[in-house]
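Trainee: Spelled out, the chains give:
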Amino acid sequence: MNIFDILGPVMVGPSSSHTAGAVRIGYIAHKLLQDELANAEIYLHGSFATTGAGHGTDRALIAGLLGMKPDDIRIPDSFQIAREQGVTFSFDTKNIKDAHPNTALLLLTGKSGRTLEVQAASIGGGRIMIQKLDGIDVNFSSEKPTLIVHNLDQPGHVAEVTSMLSHKSVNIATMQLYRDKRGGYAVMVLETDQPIPQEAIAWLAHLEGIIKVTYFNSEEEA
Amino acid sequence: MAYASLAEIIDYTKEHNILFWEAVLEDDMAERKVTKEASFHQMKATWDAIRHACSHYEPKRRSSSGLVGGQGAQMEEYCRARTPLCGSFVGKVMTQALKMGESNACMKRIVAAPTAGACGVLPAALVPYYEERKEDEARILEAMYVSAGIGQVIAVRASISGAAGGCQAEIGSASAMAAGALTYLEGGNAAQICHASAMALKNLLGLVCDPVAGLVEIPCVKRNVIGAVNALSAADMALAGIESRIPPDQVIDAMKEVGDKLDASLRETGMGGLAATPAGIEIMDKLHHKTR
Ligand code: SF4
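Here the protein sequences come in this chain order: D and V. Anchor point for the first sequence: position 135 equals 135 in our numbering, and the numbering is continuous, going up by one each time. Anchor point for the second sequence: position 127 equals 1127 in our numbering, and the numbering is continuous, going up by one each time.
It is worth saying that the hints were derived from the structure and are not from the lab. Everything hinted at is true.
Once the Cα atoms are required to be at most 30 Å apart in a straight line, the calculated DSS-like pairs of lysine-lysine come out as: (1) D/K31 with V/K1033; (2) D/K69 with V/K1222; (3) D/K132 with D/K69; (4) V/K1044 with D/K69; (5) V/K1033 with V/K1044.
If we strip away everything but chain V, and leave its shape as in the complex, we get (with noise of 0.2 Å):
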């Protein structure tokens, strides 16, 4: 049985002295009946297929829309020109964010975390992490760990879904469970990790779920750049030592509120916020003509 809260993991690691991201393995293997091996070949084959997914990035790509593709590159080639404002760590998340968020539009093969539209948030923290720190394969699946058991209390209690919670529990989760898994690599203990991604949820509450023309295209792949650097700087509070003053759970709590007030028109009916602005419902009206 997933744990129904954050609560719950960090008193199971304190219970058993064991980390956050064992307690979330042990749930798994208990759960789906595996052993740790079997569950740790599949973390292994999913972090695969991120990278997968990075290294066949394709600039000239376009969305079926055309709206959507390239962007990453673009971005990329800004970073190699000069030093971005946010710095050429932060610049290559952002990049990578852009790239995963464009080819999910594009329709190459990605991995949801926890959904296709923030398909980019977690890999925009673990790649350039692994790749720039040099850091072990394992640790990073062991963060994937941190993440996957964030991203379940969130589901279990509020919800991963736009058109159920808005773009707060898409970009929102994905955030949190990128927060954490940062906070873990840089040695952040379990309750650290979960003020990491309560405060990553925080200052993504209330983030609407309004896709142009309802297509996982606009605003989703930029949002996938927001969810990544706010992880990062959400990390960073935590491991300064900063913590979040309504409880995480709480704050989970305080998403799922939010997203069921959220009226429909702001969760992926594509009927508000950026869709209905005149030139969303322009992009609209020309995607019909093409396909009518």
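The shape of chain D in the complex, shown without the other chains (with noise of 0.2 Å):
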């Protein structure tokens, strides 16, 4: 923690994990669906569903898919601002198994058709945890720059991800591996020290049986 973990962060009210954790919950949701938002479908579980309305957390959630921060003034006016921009979105509780008490359930449908779900949790101080992707555990915090990898399930592709890194100097943080057994791929999840220049991104994504490169850097455009 440092000492603007602690003196911040700057937010709107009230809470730091039903409101500001809300607000990025929603924000890098939006980062991660790659397409403006059409739709969203929003399930609360535990204290955000019992809690959330007063806490705001469902304009929270609304204000980071239409790609605001935790600071932005118009959160408490995000449901208008969704309809202005002809954003539907509904929500409901549901109670999700071995879910954290903070968590909501996202399932995203973009402008050109891309549709994405995010299960993720707000772990407290404004920080959150990206659980699942697709229903595929994930478990990434965001807070870094992190590449997100769907593969088919064959030798060689994590040792192409990472001599691509080392070679752009770029140093792993974190690394988890992950099988969709519906899917029959799997999944990478990096999280990196120093950013991926897009062009190397680019690259992986038209490598062969690799299916999907998804990269984020939250910082860029702090």
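Both chains are given apart, each in its own frame, so use the hints to dock them into the complex.
Mentor: Spelled out as structure tokens, the structure:
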């Protein structure tokens, strides 16, 4: 925890976990969708479900999905802004098994038809954990540059990614590997200490056996 | 790496012949790999955000439950109409604490310090001081380093979250941070800074987290007032030369122990204390009807 986690964050109230963290969940989900949002179907679990309305958790999630950050003073008006932009949304509560008390499940559809399912938790102090993408465990904080690679479950792809990163002098902070039983492919989630150059990501996306590459660096626009 | 104890900060200041705030600044530069200028720049931005929040209070605004708002203005009016028992400076401190707590509850932009619920304590100590004493802004920023350093040690040794340690960890920590900052501003040395924060924390030890309906409204807003006023009195005691008989780091450890022993119903669940009173339950029931 650095001193600006103590004196900070600058945020719209009332709660770092139920408001600021919720904005961040929406914000990161919107980055991950890589498309302009058309519709969001949102499910709240645990304490998000019981005290969410009073904390503005619902407005916070929508604000984030519209690209707002936790210090954006338009957060309280996000429903109105969404309507003006033609974004539709719905809320419901849902008991998600074994989930953190402050968890949201977001089913997103973009304007060009892309869909994404994000399960994320607000873990305190405005920090979050993205737990699942399209039902697959991912578990990353979104605080560092993050690379998510979906690839065919065959040998060699991990080496391709790691050697590309070392070639670009990008240090890997954390790395996780998951298997998607449904899709028959594997997912790599890497957090790095340095940002990854755009051309390296493009190169990766064109390799054989690589299905999808998602990259974001939330520091970038800070 | 953040300091693991207040004693460690004091040792460091002695070893390098620097002030408390400089020890915190150096640590920030090392931890985030930033220059002195960059660190100050961010502290200034934080201070600007605090002042912006202070000047943008809206007395007409109400929280989503409708129960919080307007009391800062009420207090201000009272202080204008007559001299408050606490005196006019403390009147300003109380007013500021209420205003900031309300702004937070009403979804306005604030600076968590160390949390959103306790966001009024430090501004209530620093902003009236800055305005009334015509203090140099640079010294206010230095005082903010002092408070951040104290908060960091509390976060490392104990907790700054109501869900983990009760309200003593939020309002109590904020009060300790503010007490240290004020002691520095008034010319206290590193040891006095630590004693002030220890006394502030001691005097709020055991404070439970019992928000009505689970919302950061009741009692949170008003607790910012006691956090700030308690900081003033702890700073005054330290400046008078009074010390905490229990060493400051041990006070923090005691806070952790008390927090660990607190029943879950008294740790932000909204199931105990004021939240579980008949009036508290009635408020919660009404809100549920409204949202369902
Ligand atoms: S009662 Fe709980 S939620 Fe309210 S300020 Fe204290 S710790 Fe925070």
